[in-house]
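S.K.: Sequence:
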Amino acid sequence: GMSRTLLRVRNVLKAWLLLLGICAVLGIVPLLAGNYRLLSVFLFCALLLAGAGYFYVDRIALGMVGARELPRGQAPALHSTVQRLASRARVPAPKLYLLADGYPRALSVGRGPRGSAIAVSQGLLGSATPAELEGILAHELAHIRDRDVLIQSTVSVLACAIVETSRIGGFLQRGLLFVLGPFAAALVN
834 GMSRTLLRVR NVLKAWLLLL GICAVLGIVP LLAGNYRLLS VFLFCALLLA
884 GAGYFYVDRI ALGMVGAREL PRGQAPALHS TVQRLASRAR VPAPKLYLLA
934 DGYPRALSVG RGPRGSAIAV SQGLLGSATP AELEGILAHE LAHIRDRDVL
984 IQSTVSVLAC AIVETSRIGG FLQRGLLFVL GPFAAALVN
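If you read the sequence shown in this note's numbering, its first letter stands for residue 834, the second for the next number, and so on.
These are computed hints drawn from the structure, not numbers from a lab.
One should not assume that every hint holds.
[Said to hold, decoys possible] Here are the computed distance ranges between Cβ atoms for each label pair:
1) 901 / 865: 17 to 25 Å
2) 963 / 904: 17 to 25 Å
3) 871 / 984: 26 to 34 Å
4) 921 / 873: 30 to 38 Å
5) 984 / 896: 16 to 24 Å
6) 935 / 873: 46 to 54 Å
7) 958 / 880: 34 to 42 Å
8) 958 / 839: 31 to 39 Å
From the three backbone atoms N, C-alpha and C, an ideal C-beta is built for every residue, glycine too.
Make a model of the complete structure from these sequences and hints.
M.R.: Written out as structure tokens, the structure reads:
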């Protein structure tokens, strides 16, 4: 109904605010230097990055966790379960990815119904019963349908980017991680 539509709109706006907020924070550097030419170039690049982050957030997040696409031939039952659940939830079936991980886990990434993927670990496929797996997939599809997945994906990518940024610090790496680590954790929270 109306409340669900409002929730979806709010989630999309939140994700854009997060992306633009990070761009604004980064834009403080050229602004403090008083170099307005550099600032305009920087803002243009930041907006490009924000746009790319929005439209490719699923691929970026999946690349970060080392997931690979799961072809239909390798897991036909899983694909048909996702197809059935997606049609019941009235969303396009998301792509399926596999995590080479022994822990039973699943995650959904993307923008929402029109650009999303679900990644399941080998550990989950090996330990979950068909009914448990269906419940987990239904839960992830609900995140995709309501666009919660957009906020989660954006925040995860930004947090990883923040932690990665600390690595370019050389001998400052520990200090940067000390400052940026808690910021990344707070963002994810």
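S.K.: Could you run down the list of hints and mark each one as holding or not?
M.R.: Each hint, compared with the structure:
Checked against the hint of 17 to 25 Å, the C-beta distance between residue 901 and residue 865 comes to roughly 43 Å, which is inconsistent with it. For the pair residue 963 and residue 904, the supplied restraint of 17 to 25 Å holds, since their beta-carbon distance comes to about 20 Å. For residue 871 and residue 984, the hinted distance range of 26 to 34 Å is satisfied, since their beta carbons lie about 31 Å from each other. Against the hinted window of 30 to 38 Å, the Cβ-Cβ separation of residue 921 and residue 873 comes to about 49 Å, which falls outside the hint.
Taking 16 to 24 Å as the suggested C-beta distance range, the pair residue 984 and residue 896 conforms, at roughly 19 Å. Range check, residue 935 to residue 873: Cβ separation about 49 Å, and the 46 to 54 Å hint holds. Taking the beta carbon of each, residue 958 and residue 880 are about 40 Å apart, inside 34 to 42 Å as hinted. A beta carbon spacing of about 36 Å between residue 958 and residue 839 agrees with the range 31 to 39 Å that was offered as a hint.
This entry does not satisfy hints 1, 4, going by the numbered hints stated previously.
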